[in-house]
Amino acid sequence: MNILKRALPYLGAAVVAFLVAGIFIALMGYDPIKAYATIFGTSFKTPYGFIQTILKWIPLTLQALAFTIPFATGKYNIGGEGQMIAGAIGATAAGILLADLPIYFLLPLEILAGIIAGALWGLVPAYLLFQFKINEILTTVLFNFIAFNLIDYVATGPWSDPTAGHPTTIAVGEGGFLPNILTSQPLNAGVLIALAVAVGVYIYTNRTVSGYELVATGANPKASRAHGINTRVQFLLALVLGAAVAGLSGAIEVAGTHHRLIEGLQSNFLLLGLIIGLIAAGNNMAVPFVAFFIAILEVGARAMQRTMQIPVEMVFIVEALLLIFILLSNVVRRRKA
Amino acid sequence: MGNQHVIEMKGINKQFGSITALKNVDFFLPTGEICGLLGGNGAGKTTLMNILYGLYRQDAGQVYMDGKLINIQSPKDSLAHGIGMVHQHFLQIVNYSVIENIVLGADVKHPFTSNLAPEKQKINELCTRFGLELDPEATIGSLPVGTRQKVEILKALFRGIKVLILDEPTTSLTPQEVDSLFQSLKVMVKEGLSIVFITHKLREVLSVCNSISVLREGRNVISLDRKSAAEEELVKAMVGEKLDVKKSIIFSKGKYQTVNPKYRDAPIFNTSNLSYINSDKVKVLKDISIDLYMNEVLGIAGVAGNGQHELVEVIMNIQQPTSGHIRFSGEEFTGKPTRLIWENGLVYIPEDRLDDGFLPKASVAHNLILGFHNTSAYSRKGFLNWKSVFSKSRQMIEEYNIKTAGPDEMGSNLSGGNIQRVMIARVFSQNSRMLVAHNPTRGLDIPSTDFVYQKILEKKKEGMSTLLITEDLDELMLICDRIAILYKGEIVGVLAKKEFEKYRIGRLMSGFRDVDSKTKREG
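Respectively, the protein sequence lines represent chains H and X.
Residue numbers for the first sequence follow the working numbering, so the first one is 269 and each next one is one higher.
Residue numbers for the second sequence follow the working numbering, so the first one is 64 and each next one is one higher.
No lab work stands behind these hints: they were computed from the structure.
The hints are all genuine.
Derived lysine to any residue pairs resembling SDA-like cross-links, with alpha carbons at most 25 Å apart:
#1 424/X to 472/H
#2 444/X to 474/H
#3 424/X to 489/H
#4 424/X to 500/H
#5 490/H to 424/X
#6 185/X to 196/X
#7 399/X to 501/H
#8 444/X to 498/H
#9 450/X to 468/H
#10 318/X to 537/X
#11 444/X to 505/H
#12 424/X to 551/H
#13 450/X to 553/H
#14 401/H to 424/X
#15 401/H to 400/X
#16 346/X to 210/X
#17 490/H to 402/X
#18 424/X to 546/H
#19 310/X to 462/X
#20 490/H to 446/X
#21 399/X to 500/H
#22 551/X to 383/X
#23 273/H to 453/X
#24 401/H to 381/X
Go ahead and model the full structure; you've got the sequences and the hints to work with.
Structural data, given as structure tokens:
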């Protein structure tokens, strides 16, 4: 009852968003019903479609959490893709340098290197905020640009694979591949890691003292300080935690999907992560579900482009409309209250 | 009726969301009189007068002036009808002079030059006529609160008003300033003005008003003439049946059961030469040395803004002192992290609940354990024990009469009075040894205020010591064992209970040290 009541405005916003987007699709001369059937059908018609959706879900969930964890304290991490790149580079470095190690050493080391590299990438902006009160939005965004150049350098540098035709490194050692968990489909164990992280974040914010302090800091930093919470440390911690999760998403892309560093592997996961985090209104428990929904849209959009020649950007429009209508419904509810 | 009443408000209704602020309220202001509008916090006094002044619109009801129906849409309309209001919080520009503040927004004779000579003359005339002494050229920021209030009254008089509304005008005044305000009010009435005096203090109404109207929970209770007003009747009208007047602390006139502080033992808490220089390089605390004993309630009196806020923040180590020491139960507490201060049993009710006392975006349970969340009562090995948090929360909600749907309701749904109750419940929930309470009864109605006093005194009996910081002299004189007076960041005197005398404290509050003040201890 309570959950339904809370979900209702979101469902309403989704319906309106699809209606409006449907009008655009119709105006462009396509059949909106067929388009939506493709979008929503692709993920469930074939096992392959479903697996593709899950594979999309992994980085989307992690990127969204990289945003929502600091967001709980009222801080904005817009550096998810830079941290993801740093994580991917860290994982690749471990995977190439230690390529001969067996899987039970190499894989954990590789993932850990990704997490640490992401965390370090987030630590610099976090420390600048902690020590000098420099706005974290600015610094996290700027660190994305540094990461773009860094990945260019690494992918074209000493480890580069000259045969690839695109800035790419050589593959990591085979012990650094995330194993598949299904025999019939290419679903790697990254999904288990992402699930564990989502559950872990939920437990952390809802069950632990440190998570309580995180929530309290976000609810009112001044009151938290007056009651003995070191809010500056909370800001730092939350930003670094978020960055670590983003770094993990980069490591999973390397270890699970590409098995090497590819320039551009960050895709548009940052933006989608922000959208997911905002639609979930910062609620960590809602993030995996919203991420799954967006993953369906993303996978469906590619299929729609292939079969109906509707530009894939149409899905961006749907996602943007979704966000706008959900934010609007929040405003309407607040007015009523 | 005719012109017997300058203002008649009839059948006024006002609803804020689901809360009924005023229900069918009538109010009559007799011409040329001071009418006291009496009631506890949340009774609807200010709302009613804000409607008369045009800040709110009534949902139903009419306003008549001199027998004629008038339609007030905004303060502009009410000023045009000659109705002015002085709010509790002054609307003044601190770096402008008195005269500039007064003429701001009014028509001036020379609008294109800053020649304010004619206005200055008018203001001087008004000052002499109404016995309001002040220098029109002084900068607002340099004036004490009492004088700034005179400026606010002059602002209204300058606009030629006939009806003046004063909202809790005595809140930040010393007793001397209150007397001088009352003098001026009497002169104004003689000159033909009619005045509405909003207050929750019975004594003030009895000393200055000609007629009295009492509101409670948004409804009329009684309206009567000063001559026929009996104090007991008014008390009953204000508080209703909810409070047992005989058992209350507020109406006990100080005659309640209590214990004496342990002055023979070493103080449980003391500060020595505590100083604090703020970020603007202003020394806001100067060598503060206070002792607090077991079972003692020590009051800090003073007009707001004399360093009270900084003093409590330095004690709780939210701001670090520039020099000096704080000791608590024999241990050095200077520079101790706030978290450890709480966990060692020194707890704090912040002055401004919305600013630094409450988490609106977290649940009631989150709020009730704030500050103690890391203690064994609520957590183990870094994990919160929500089961004990919830059972303790339910217990507190019950005991402190917090109106909420339950421990998991969002804090933002609570009303101001209930938020204050959450903060009160929080500090009393653990067996703390010392409480720093800054305006603990702000915004509470009379029964709730009385409840807070009872709790403080009950805990005092159990051995707790309290540092009570408030502007409310009545509150301090009622429940404190000693009162220290803070003026411009300095303790200018400490009085023991038998030395409590309103005017003496008032003199100290304005910075006149009295020569025979000794920090004598009782017992």
